[in-house]
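Q: One-letter residues, chain by chain:
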Amino acid sequence: MFELPLANLLTEPVGVAHYVTVGAIMFVCGVLCMATKRNALGILMGIELVLNGANLNFIAFGSPYLRSDANSLGLDGQLIALFVIVLAAAEAAVALAIALNFYNNYGTIDVDRADQLQG
Amino acid sequence: MDSIYWPSFFFFFFGILACVFAVGVLVSRNIVRMAFYLVLSLAATSGLFFLAGAEFVGAMQLMIYVGGTMVLLVFGVMLTSQERFVDMKTWAGDWVKAFLAGGALLFVLIYAAFSVPAWRGIERAEAEALPVAQTATPLGMGLVGARVDKLDPAVEAPRDGMSGYLLPFEIVSVHLLVVLVGAAYLARAKRKITARIE
Numbered sequence: 001m002f003e004l005p006l007a008n009l010l011t012e013p014v015g016v017a018h019y020v021t022v023g024a025i026m027f028v029c030g031v032l033c034m035a036t037k038r039n040a041l042g043i044l045m046g047i048e049l050v051l052n053g054a055n056l057n058f059i060a061f062g063s064p065y066l067r068s069d070a071n072s073l074g075l076d077g078q079l080i081a082l083f084v085i086v087l088a089a090a091e092a093a094v095a096l097a098i099a100l101n102f103y104n105n106y107g108t109i110d111v112d113r114a115d116q117l118q119g
Numbered sequence: 001m002d003s004i005y006w007p008s009f010f011f012f013f014f015g016i017l018a019c020v021f022a023v024g025v026l027v028s029r030n031i032v033r034m035a036f037y038l039v040l041s042l043a044a045t046s047g048l049f050f051l052a053g054a055e056f057v058g059a060m061q062l063m064i065y066v067g068g069t070m071v072l073l074v075f076g077v078m079l080t081s082q083e084r085f086v087d088m089k090t091w092a093g094d095w096v097k098a099f100l101a102g103g104a105l106l107f108v109l110i111y112a113a114f115s116v117p118a119w120r121g122i123e124r125a126e127a128e129a130l131p132v133a134q135t136a137t138p139l140g141m142g143l144v145g146a147r148v149d150k151l152d153p154a155v156e157a158p159r160d161g162m163s164g165y166l167l168p169f170e171i172v173s174v175h176l177l178v179v180l181v182g183a184a185y186l187a188r189a190k191r192k193i194t195a196r197i198e
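Residue numbers (the numbering used here), protein chains in the order written: chain A, 1 to 119; chain B, 1 to 198.
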């Protein structure tokens, strides 16, 4: 059944569900950032938020302290989180290079102006 | 009335900080402020990693994200922040549609998270009895291919060389090298060649 355990928030340990909630909020903020920002760097920041929310879920599902059954991801969750961090750094470097190139060629950073490929 | 369980207190401290600054990134219009809020949100997330027992990943989060990615982003912001690009308005219709879709997505995710009983956490006495494990050494061994945390895998097949993360580690390191060379090539200063044509 669906019930928010609000009664003993501070006296009981938190679980995976609380971590997933924080991760979901960061994920949704990142998705909305990608959808609504017109600045290309704002879209990049949205991507960073999405990746960070996913990472938080990996860590939560891999933690031995957060869930009552034995189906934890174990160290695999942390290893995948490390890979996600490294790939996010690589993606940020390439995307920034592309954004700077676009800025040098067109004199703007507004993604709504990047419509040359539009049919 | 029980006394306060301090890990929960710090979870809510860092969790609320991370959420508030993530929302700040979303609603702020100033690109410089967005970058600053993003730094704070990522740093608060590393606090959550420490609380979940992933101290090595938390340290990596602080060093790579907050130290590396943000330097890149802030340089990008500084290089492109002319007057007319610092404040860019979003169309009002976009906001309405985005909040409808985002609110629905958020509701579904949180509903799903709290409808699994095993995910709601463990008893306090049980949590206080759990041993504290260091994860840096098993993580390093896992990255070079030896899983010291799973010495006796239940299935025989993964022991033949795919049990560790050596191959993904090598792939990701070569990928990082290629990406950084490519980024440096893409972002280099162009020479003007028009003056030479005669």
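These aren't lab readings, by the way, just hints derived from the structure by calculation. Given the structure is predicted, the values throughout are model-derived calculations rather than measurements. Don't take each hint at face value.
[Claimed, not checked] Now the in silico label distances, taken between C-beta atoms and shown as ranges:
id : chain 1 : residue 1 : chain 2 : residue 2 : range
1  : A       : Ala70     : B       : Glu128    : 14 to 22 Å
2  : A       : Leu9      : B       : Arg29     : 32 to 40 Å
3  : B       : Val132    : A       : Leu10     : 16 to 24 Å
[As the list claims (entries may be wrong)] Partial chain A-side listing against chain B, Cβ under 8 Å, derived:
id : residue
4  : Leu10
5  : Ile43
6  : Leu73
7  : Arg113
8  : Ala114
9  : Gln116
We treat Cβ as the ideally placed atom computed from N, Cα and C, and that holds for glycine.
Q: The structure should be examined with respect to each hint, and the outcome stated for every one.
A: Hints and how they fare:
Checked against the given bound of 14 to 22 Å, the beta carbons of A/Ala70 and B/Glu128, roughly 19 Å apart, stay inside it. For A/Leu9 and B/Arg29, the Cβ-Cβ distance of about 34 Å falls inside the hinted range of 32 to 40 Å, so the restraint holds. At roughly 21 Å, the beta-carbon separation of B/Val132 and A/Leu10 lies within the given 16 to 24 Å, and the hint holds. Interface restraint check: A/Leu10 against chain B, minimum CB-CB distance 5 Å, threshold 8 Å, status holds.
Interface hint at A/Ile43: violated, since its Cβ lies 11 Å from the closest Cβ of chain B, which is beyond the 8 Å cut-off. For the restraint placing A/Leu73 at the interface with chain B, the shortest Cβ-Cβ distance is roughly 11 Å, beyond the 8 Å limit, so the hint is violated. Taking 8 Å as the C-beta contact cut-off toward chain B, the hint placing A/Arg113 at the interface is violated, the least distance being around 11 Å. Interface restraint check: A/Ala114 against chain B, minimum CB-CB distance 14 Å, threshold 8 Å, status violated.
For the restraint placing A/Gln116 at the interface with chain B, the shortest Cβ-Cβ distance is roughly 18 Å, beyond the 8 Å limit, so the hint is violated.
In this structure, the earlier hints numbered 5, 6, 7, 8, 9 are contradicted, and the remaining ones agree with it.
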